[in-house]
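Novice: The chain contents come next:
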Amino acid sequence: MTVDRAADLPVLEARDLYCERDDRDLFTGLSFTVGRGELLQLAGPNGAGKTTLLRLLAGLNRDYSGEVLFQGQALLKVYAEYAAQRLYLGHLAAVKKALTPLENLRWLTAAQAPDDDRLWQALEQVSLRGYEETPCMQLSAGQQRRVSLARLCATDVPLWILDEPFTALDKDGVSWLEQQLERQVAAGGTVIITSHHALQSVPGLRQLTLGGSL
Amino acid sequence: MWQWLKRLYHRLGSPKWFYEISARWIPWLVVLSAVGAVTGIVWGLAYAPADYLQGNSFRIIYIHVPAAILAQSAYMMMAVAGAIYLIWRMKMAAWVAKCIAPIGASFCLIALLTGAIWGKPTWGTWWVWDARLTSMLMLLFLYFGVMALQQAMESEDSSFRAGAILALVGVVNIPIIKYSVEWWNTLHQPATLKLTEKPSMDPAMLWPLLIMIVTTYAFFALLVILRTRNEILWHERKRQWVRELLEK
Amino acid sequence: MSLVTATIRRDLLLAARNPGEWANPLMFFLMVAALFPLAVDPDPSFLEKIAGGVIWVAALLATLLSLDGLYRPDVEDGSLEQWLASGESLYGLALGKALVHWCISGLPLTLMSPLLGLMLSLPDEAYAALVLSLLIGTPVLSLLGAVGAALTAGVRGGGLLLSLLILPLYIPVLIFAASAVYHAGIGMTYNGQLAMLGAMLALAMALTPFAAAAALKINLLR
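Residue numbers (the working numbering), protein chains in the order written: chain A, 1 to 214; chain B, 1 to 248; chain C, 1 to 222.
Because the hints were derived from the structure by calculation, they are not lab data.
Please note that a few of the clues may not be correct.
[Claimed, not checked] Taking lysine-lysine pairs in the BS3-like style, the calculated list, with each CA pair at most 27 Å apart, reads:
#	chain 1	residue 1	chain 2	residue 2
1	C	49	B	178
2	C	217	A	77
3	B	91	C	217
4	B	6	A	77
5	A	97	C	49
6	B	16	B	238
7	A	171	A	77
[Stated by the list, open to error] Heads up, incomplete: computed chain A residues facing chain C, CB under 7 Å, no partners named:
#	residue
8	32
9	35
10	60
11	64
12	66
13	80
14	88
15	90
16	94
17	98
18	102
19	111
What you are looking at is a predicted structure, and each value in this text was computed from that prediction instead of being measured.
Every residue gets a Cβ at the ideal spot worked out from N, C-alpha and C, and that includes glycine.
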């Protein structure tokens, strides 16, 4: 029995999830938990339903059966509370091209509203120092991606849900992101991530492989 | 009563149940529509007395009025089905809403066309900006919008939802549109054109009209059921019961 | 700062960075109004009769033109996803977005309308009615239009579809507003029409954000 878990409720718990798309079963009877200090990597071939599961856990996809519990409570019942404690980064960056990185970051972190110093530091961390006043349309795809990723160090949110965050990043960006994941897990936070990237360096790594059989 | 309604609701939610039970309704509806249409049309066209003002041209009301009534109530039904789908996610409701839309639009078009044909001998012109004609035209536009939206998106589910929302917005708007058009109309048109408003109708004229209205509802129900059955078969094609049905 | 205020600020900032977003519909407004004297009849005694209606039709078309950009960019770049993920009330967001839309479309149209009145020989008595009817009526256009924009935001080439959906819903506003201007022009009172527009505005403010929010949630499904 998992006595140790009873004292410390899992951050997220999935019970008997079933989801279909276009008459095709993506997953059936899927149950798992994610706790503090853990990084859950969703793996599996293309079309296995990784993004669907991720959006489901983020509370964005509500077309499924089964239960998702956030700290023991039904996710959609405590959605506002849940949303305040989880950061969702989809494969769309939500970056407006006509605005500068600073303005974009300010909007992206509006819920936590960190002060400007923190935003500047975050932009420095993602090597966008000197671009604060440049409209994002003049930045490369990787740089625009970094604007969006700067949220990770501009706010303190216990649960990160990240969809393919390594896309379009260069070598430095990749190692920076790995550090961020390690930092989050070490601080007792939780990360759920879809990525084909090898994350062996991160302690607390667990993998969940989805079928993908057609 | 409440329990009975609840049970009916759950049953209606089951495509298989609906498919089986509706097969029993079809013959009755066919008979009702056919007999009603023959009786109503023969009575209305041949036996009902001619109008003292309009002569024989008034007889087009036996098509025009039922079509117009049906076009409006079909819109309401579509909106209700859409609301059921939005609130309780009953898939059957979405299919029914989808099936009603083109049928309702066709009746709306029939009402407009017969209205125009009626207008020629009565008012001397095919089209006047009469309040009724204008608000029917707006209703037709709303139907077109819902139909366009119902097939606009990649995911069928999204399209149905979008169509349902628009249908509901339309329901709030239809009375406003109607009221504003009527108000506008009284400002611009002399009131003498309101020949359609009859304070009292000779029973000999009224009976065939009532028969035609009932018949049109029956025919509408028949069409909706037939189309819905097709939808059911298509969406449930991978289910066991449909496969068994097809193998028979 | 809540996400609603942040979004209002960001959208106003975006409009300031892309002046075309609000200037093009204004230009369109001006040009459409100029077509009528050329196509129909430049005689002032004729124009003064139709001026109110023409300006209103042009304002309505100009509003439609800018509506497609209300939600589509947010759907395409993932901003909508972030709203939905934020857990904030979509009602507030929908209302805020409609407000921003009015600030960058309805308000400039209202301010520019007296110029069009001059071009179309609007009777002197009708200017107040024109500006007032636009001031009350264009927010209704934005609010109703926002529902259509939310519904078609995820549809490829949804701009034309948007017009199809929304135009019938605009008819009551058009009727009462144009009638207010016309009646003012022939020296009659137009309080009743303005009151009707006000009632529509109240109704639209209360109801349309619900519909827009529901329409935005459809994007959850994809």
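Novice: All hints, please: hold or fail.
Specialist: Here is how each hint holds up against the structure:
For the hint pairing residue 49 of chain C with residue 178 of chain B, the CA-to-CA distance comes to about 25 Å; that is within 27 Å, so the pair holds. Using a Cα cut-off of 27 Å, the hinted pair residue 217 of chain C and residue 77 of chain A holds, with the two alpha carbons roughly 17 Å apart. Among the hinted pairs, residue 91 of chain B with residue 217 of chain C is consistent with the structure: their alpha-carbon atoms are about 18 Å apart, no more than 27 Å. Only pairs whose Cα atoms come within 27 Å are accepted, and residue 6 of chain B paired with residue 77 of chain A is accepted, the gap being roughly 26 Å.
With a C-alpha separation of about 46 Å, the suggested pair residue 97 of chain A and residue 49 of chain C falls outside the 27 Å cut-off, and the hint is violated. Proposed proximity of residue 16 of chain B and residue 238 of chain B is supported: the alpha carbons are some 13 Å apart, at most 27 Å. Between residue 171 of chain A and residue 77 of chain A the CA atoms are separated by roughly 41 Å; this puts the pair beyond 27 Å, and the hint is violated. Look at residue 32 of chain A: its Cβ only gets to about 21 Å from chain C, farther than 7 Å, so that hint breaks.
The interface hint given for residue 35 of chain A is violated, since its Cβ lies 22 Å from the closest Cβ of chain C, which is over the 7 Å cut-off. The interface hint given for residue 60 of chain A is met, as the beta carbon of that residue sits about 6 Å from the closest beta carbon of chain C, less than 7 Å. Because the smallest distance between the Cβ of residue 64 of chain A and any Cβ of chain C comes to about 11 Å, over 7 Å, the interface hint for this residue is violated. Annotation: interface hint on residue 66 of chain A violated; nearest CB of chain C at approximately 17 Å, more than 7 Å.
Given hint, residue 80 of chain A at the interface with chain C, holds; its Cβ is 4 Å from that chain's nearest Cβ, closer than 7 Å. The beta carbon of residue 88 of chain A comes within 4 Å of a beta carbon in chain C, closer than 7 Å, and the hint placing it at the interface holds. The restraint placing residue 90 of chain A at the interface with chain C holds, with a minimum CB-CB distance near 5 Å, inside the 7 Å limit. For residue 94 of chain A, the interface hint holds, since its Cβ comes within 7 Å of a Cβ in chain C; the closest pair sits about 4 Å apart.
Taken as an interface hint, residue 98 of chain A checks out: its beta carbon lies about 4 Å from the nearest beta carbon of chain C, inside 7 Å. Contact between residue 102 of chain A and chain C, as hinted, is not supported at the beta carbon level, the nearest pair being about 12 Å apart and thus beyond 7 Å. With a least beta-carbon distance of about 6 Å to chain C, the hint placing residue 111 of chain A at the interface is held under the 7 Å criterion.
The structure does not agree with the numbered hints 5, 7, 8, 9, 11, 12 and 18 stated previously, though it agrees with the rest.
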